Amino acid sequence: MLPFENSCLIEIGYRLATAAWGQGAATEVGTRLLNYGLRELALELIAAVIHPENAASQNVIRKLDCDQMVCVSTMV
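1 is the number of the first residue of the sequence shown in full-length UniProt numbering; add one for each residue after it.
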């Protein structure tokens, strides 16, 4: 979790080795980070910045509670 550039938002991010793709790791880590940020840090919003062609990461965010996230569809 990192401060979102020039904003009061916190960004959630991850990077996985190719061998780990499709095994649910990003969803599990994303869920834990989201819960930690909302419950432990009392954040009101968390941002997810996803490249428009990254369908796998878009699916991860759909599985998370996007009502509590700012989902940005393009890379800045």
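For the record, the hints were derived by calculation from the structure and aren't laboratory data. Be aware that a few hints might be false.
Said to hold, decoys possible - Restricting the straight-line Cα-Cα distance to at most 25 Å, the calculated cross-link-like pairs of lysine to any residue (SDA-like) are:
(1) K63 with L38
(2) K63 with G13
(3) K63 with I10
(4) K63 with E40
Stated by the list, open to error - Here are the in silico distance ranges between beta carbons for each label pair:
(5) A19 with L43: 28 to 34 Å
(6) L45 with A20: 17 to 23 Å
(7) T18 with E40: 30 to 36 Å
(8) E40 with Y14: 24 to 30 Å
(9) G22 with A42: 32 to 38 Å
Predicted model, so just to flag it, every value in this text is computed and none were measured. C-beta atoms are modelled at their ideal positions from N, C-alpha and C, and glycine is treated no differently.
Inset, instruction - Just pull the numbers of the violated hints for me, sorted ascending. - result: 6 and 8
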